[in-house]
Amino acid sequence: MSFDTPDDRRYQESHEWALETEDGVKIGISDFAQDELGDVVFVELPDEGEDVTAGESFGVVESIKAVSDLYAPVSGTVTAVNEDLFDAPELVNEDPFDEGWMLAVDPDDETELDSLLTAEEYEDQVA
Amino acid sequence: MSLQMPPLRGVHDERGAKVTEFGGWEMPVEFDSIQEEHRAVRESVGKFDVSHMGEIEVSGPDARTLMQRLTSNDVTALDVGDSQYATITDEDGVIIDDTVVYRLPDDGDDHAFLFIPNAGNDEAMTERWRTHRDEWGLEASVENQTHEYAMFAIQGPDARELVLDVVADPDCVSDLSRFEATYATVEGTDSESESESECWVARTGYTGEDGLEVIAPWDDAESVWSAFDCQPCGLGARDTLRLEAGFVLAGQDFERETNPRTPYECGIGFTVKLDTEFVGRDALERTKEEGVEEKLVGFRLVDRGIARHGYDITTTDGDVIGTVTSGTMSPTLEAAIGLGYVPVEYADAGTKIRVDVRGRPKKAKIETPPFVDTV
Chain A
65 MSFDTPDDRR
75 YQESHEWALE
85 TEDGVKIGIS
95 DFAQDELGDV
105 VFVELPDEGE
115 DVTAGESFGV
125 VESIKAVSDL
135 YAPVSGTVTA
145 VNEDLFDAPE
155 LVNEDPFDEG
165 WMLAVDPDDE
175 TELDSLLTAE
185 EYEDQVA
Chain B
82 MSLQMPPLRG
92 VHDERGAKVT
102 EFGGWEMPVE
112 FDSIQEEHRA
122 VRESVGKFDV
132 SHMGEIEVSG
142 PDARTLMQRL
152 TSNDVTALDV
162 GDSQYATITD
172 EDGVIIDDTV
182 VYRLPDDGDD
192 HAFLFIPNAG
202 NDEAMTERWR
212 THRDEWGLEA
222 SVENQTHEYA
232 MFAIQGPDAR
242 ELVLDVVADP
252 DCVSDLSRFE
262 ATYATVEGTD
272 SESESESECW
282 VARTGYTGED
292 GLEVIAPWDD
302 AESVWSAFDC
312 QPCGLGARDT
322 LRLEAGFVLA
332 GQDFERETNP
342 RTPYECGIGF
352 TVKLDTEFVG
362 RDALERTKEE
372 GVEEKLVGFR
382 LVDRGIARHG
392 YDITTTDGDV
402 IGTVTSGTMS
412 PTLEAAIGLG
422 YVPVEYADAG
432 TKIRVDVRGR
442 PKKAKIETPP
452 FVDTV
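If you read the protein sequences in the order shown, they are chains A and B. Just so we're aligned: the first sequence equals residues 65 to 191 in this note's numbering. Just so we're aligned: the second sequence equals residues 82 to 456 in this note's numbering.
Since no wrong hints were added, every one of them can be taken at face value.
Incomplete in silico selection of chain A near chain B, CB under 7 Å:
(1) Gly-102
(2) Asp-103
(3) Val-105
(4) Phe-106
(5) Ile-128
(6) Lys-129
No wet-lab data here; the hints were simulated from the structure. As the structure is a computational prediction, the values presented were derived from the model and not from experiment. No residue lacks a Cβ here, since even glycine has one placed at the ideal position from N, Cα and C.
Build the full structure now, drawing on both the sequences and the hints.
Here it is, written out as structure tokens:
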């Protein structure tokens, strides 16, 4: 089975992606991760204004069968939360790279992104 | 310890199933999507491979006595082709396992039974039956046939129609009432030629829907499984379905060592017939007279969140009063539901409780299962 892995963003071994945008770094989980989880039924995210730390848990995503921690790919302050996920967590399954985004973060140090996996490296990991 | 494989392990792989370890077996947990599979069973029909369940046949002159003394229900109430839900309890009345007991056709004057222990319990139950048989000097044969049979559950409102389509003698199956069973020939779809398999077909199941369970010879598993042309479902959907129906799961809602419970605490006191003699009877009679201190209850979360096995149940003031044993997001209700033990004074429907979800108290209310309409 093959998974989408857009190369416009970077990835973590723990399956989150990070995309640099004008509004900050957007964060979500990969196509592989959503498929592994199965039907996503609940997402718990921090509030706007809270700080997240690279490598540390910032929330959870729950499928019917499991609870999984979400790990921040970069450190920074949360500038936006995808509130659509509270009513429609299935967006994570349906469109993990776009509609299913989770947070936008104003990064403390943009170079942190460079230490993340490229799409190619991430694909090798999940192959 | 290596995992036991169901006969269809390769077939499930080809179908793209995700697998998981369950009771020492590697079993499909999800084929397409738990919600999709769940809906298929509630709205039409789905099929489950439950070949990890055990099969133990007990026969001979004293088979009935042995079954009566080791299960809590009354096997003398069973005519040939009847079945009953029962528990297997220890001297203290604590549930070791729950099971369905089928009465097979008699062999001359001898009775014969088939019972279905939970996955991974077949060897221990075979041992238990043989040890007690010898201790009591009874004459009965106890055969562990877990690796001789595959078992499939065809469940949902359209399940009977589907099964009737593939059995050679539909009349004998269409006449089955709930908890009745019969031998029936399933016309398989073997790739080389038309095949026929004699199966034990029972109007039983554990989803809350109408349906049948089919016990097929291990070597015929593939053709019988293929004969039922419907949505394959994994153990993930089986868990959400049984939980919506309020059915308990061995190893999760009760476990002899870590969470010892009597049938009365579990809400399955109807499986206990105190006018029969069985291991645990005296203890259970005392329990019934004295009443239980804790009860398994259902609950529904009012707040957003999902209660999981092991989470604390508290009062509205935050005092811990119990533990969640099963919890999920109900695909039918689109609400978080669960089961857990609380002191009886908190067990009434409508009682407000809290469930501690990762340090956050979530509002919840006690609700009497089943959570959805069942047959």
